[in-house]
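Protein sequences, first through last, are from chains A and C.
Going letter by letter, the first sequence gives residues 0 to 133 in numbering that gives the first Met the number 0.
Going letter by letter, the second sequence gives residues 0 to 133 in numbering that gives the first Met the number 0.
Rather than coming from a laboratory, the hints here were simulated on the basis of the structure.
Backbone N, C-alpha and C fix where the C-beta goes; we use that ideal spot for every residue, glycine too.
Hints are all accurate, no fakes.
Ranges of calculated distance between the beta carbons of each label pair, as one might list FRET restraints:
1) Arg-70(C) / Ala-51(A): 22 to 30 Å
2) Ala-22(A) / Glu-11(C): 41 to 49 Å
3) Asp-82(A) / His-7(C): 19 to 27 Å
4) Gln-75(C) / His-81(A): 21 to 29 Å
5) Ala-30(A) / Ala-30(C): 36 to 44 Å
6) Asn-21(C) / Ala-74(A): 29 to 37 Å
7) Ala-74(C) / Thr-114(A): 19 to 27 Å
8) Glu-11(C) / Lys-65(A): 40 to 48 Å
The following residues of chain C were derived to be distant from chain A, with all beta-carbon distances above 10 Å:
9) Gln-15
10) Ala-23
11) Asp-24
12) Thr-48
13) Ala-51
14) Gly-55
15) Gln-57
16) Phe-60
17) Gly-66
18) Glu-72
19) Val-73
20) Thr-91
21) Gly-101
2 protein chains.
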Amino acid sequence: MTTTDPQHIAGEIAQQLESAWNAADGAAFGAPFTDDADFVAIRGDHHRTREAIAHGHQAIFDSIYKGSVLRHEVAQARALTHDVLLVHLLSTLTSPGGPLAGTHQSFASMVLVQTPAGWRIAAFHNTLIAPPRG
Amino acid sequence: MTTTDPQHIAGEIAQQLESAWNAADGAAFGAPFTDDADFVAIRGDHHRTREAIAHGHQAIFDSIYKGSVLRHEVAQARALTHDVLLVHLLSTLTSPGGPLAGTHQSFASMVLVQTPAGWRIAAFHNTLIAPPRG
Chain A
0 MTTTDPQHIA GEIAQQLESA WNAADGAAFG APFTDDADFV AIRGDHHRTR EAIAHGHQAI
60 FDSIYKGSVL RHEVAQARAL THDVLLVHLL STLTSPGGPL AGTHQSFASM VLVQTPAGWR
120 IAAFHNTLIA PPRG
Chain C
0 MTTTDPQHIA GEIAQQLESA WNAADGAAFG APFTDDADFV AIRGDHHRTR EAIAHGHQAI
60 FDSIYKGSVL RHEVAQARAL THDVLLVHLL STLTSPGGPL AGTHQSFASM VLVQTPAGWR
120 IAAFHNTLIA PPRG
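Could you put together the complete structure from these sequences and hints?
Now the structure itself:
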C-alpha cells in the first residue's frame, strides 16, 4: 500500500473520524474536512464548513450521542480523478441513549480531495440503513 | 450562464433525472450516470453501475412509485476541481401510493465528473428529510 492507494487513504480518514467520535472531540472530528466542506446528516439536514461540522458534532457528542461508540469500515474507495476519491463507509454506532439508543448501522458517501495539506473531506453524506421491509 | 457554470450544469442534469422519473423511464434515468456510478438510496442501500441504477429505477417506477411526480431544485452546486462538481438537490416527491404515499422531501448529494461525452453523475446519495423532532 502506498499513500496513493484509495483504500489506504480512505482507511486513514475513516480512522480519524472514528477516533474523534469515540473521544467525543468535535474539533478532531472536523479536522479532516476542508474549510468549506458539505455535510448531509441522517435526517437530511445540510451543514456547511468545517467549523459548523466540528461544533455540530461536539453538540451531539455532549448530548444525544453521549457515551456512544462508532466503528467505521471502508466499504469501497475509488479514484474519480487523480485528485478526487469517492469513498463509501459502513458505520456501526452503539449508543447508550438518545434517538439511536442501541446499535444502528449507516452508510455514507465521502468525497476526498487532494490539498497541499493532504487528503481532506470535501463532502460527506450519511444515511441510516433501514431494516428490511416487513 | 455558460456550460462551465456549475449551477447551469447541475440544473441540466437535475432536469434530465426529473423528466426521466416523471416519464417512468428507467433507461433515461440511468443515462446521465457514468458506467460505474455509485448510487445510495434512501434506505442506505448501495447500487453500482448505470445498468443497475436504470433497472432498479424502472422497477420502482413500475411498482411502489407508480404515478409519482418528482420535482428537483438545485440547492447548491460548486466545483471541487476543474473536472468535478459537487451538487446538492432538494427533491419533492408526490406519490399516489407505496411506502411514500403523499408528499415527501429528500436531500441528495451528487458528484459530477467531466467526461468526453459531457458531464456525468459518478455518485448519487439521497436521504429523506425527517420531520422536526417532536
